[in-house]
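Enquirer: Start counting the sequence shown at 1; every next residue gets the next number (this note's numbering).
Restricting the straight-line Cα-Cα distance to at most 16 Å, the calculated cross-link-like pairs of lysine to aspartate or glutamate (EDC-like) are:
#1 Lys106 with Glu38
#2 Lys135 with Glu30
#3 Lys138 with Glu70
#4 Lys65 with Glu107
#5 Lys96 with Glu56
#6 Lys138 with Glu30
#7 Lys96 with Glu54
#8 Lys60 with Glu50
#9 Lys140 with Glu107
#10 Lys96 with Glu38
#11 Lys140 with Glu69
#12 Lys60 with Glu49
#13 Lys138 with Glu69
#14 Lys140 with Glu70
#15 Lys65 with Glu30
#16 Lys60 with Glu77
#17 Lys140 with Glu30
#18 Lys96 with Glu107
#19 Lys65 with Glu38
Simulated from the structure, these hints should not be mistaken for lab results.
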Amino acid sequence: MKKFRLLLIIISLTLFVSIAYAQTGTITVEISGIQGTEGQISIGLYTSEEGFPETEKSYKGINSKVTGEETVAVFQEVPAGTYAIAIFHDTNSNTKLDKNFLGIPKEGYAFSNNVFGTFGPPDFDDASFELDGNKTVKIKMGY
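Please construct the entire structure, taking both the sequences and the accompanying hints into account.
Expert: Here is the structure:
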């Protein structure tokens with residue numbers, strides 16, 4: 001009876017760890033169309049429409065120095081779920097998307113699913129995707 005109980009505990013723990021591990025993944029973001037080599041690329045990962053696409057309200061963020069027309073960023077150990085990505089090319093490294101007096105961005109920007117809004121950023125739903133393992137997201141910058 002003790003052996004059975006111990007075996008049951010070991011199987012339960014193994015199953016729990018396997019399920020927990022399977023519920024996280026890696027999001028690889030391949031960014032193309034970067035113009036110039038100044039500044040940095042700011043990449044935000046969002047879990048809901050609340051705060052999307054404000055940089056300081058992202059679930060996770062990565063800043064990557066610009067070295068060419070393309071770059072890759074990786075978000076690791078991301079729980080399964082619905083996400084959207086917002087990116088901007090912070091050419092002057094001031095950590096914000098600079099806009100003109102009409103509110104139109106002066107720096108390059110992009111969103112997952114390569115969607116753009118008509119008068120402002122796209123809705124979270126339009127930019128969102130499902131993560132249930134590992135995923136590669138290809139995004140082209142717009143200027």
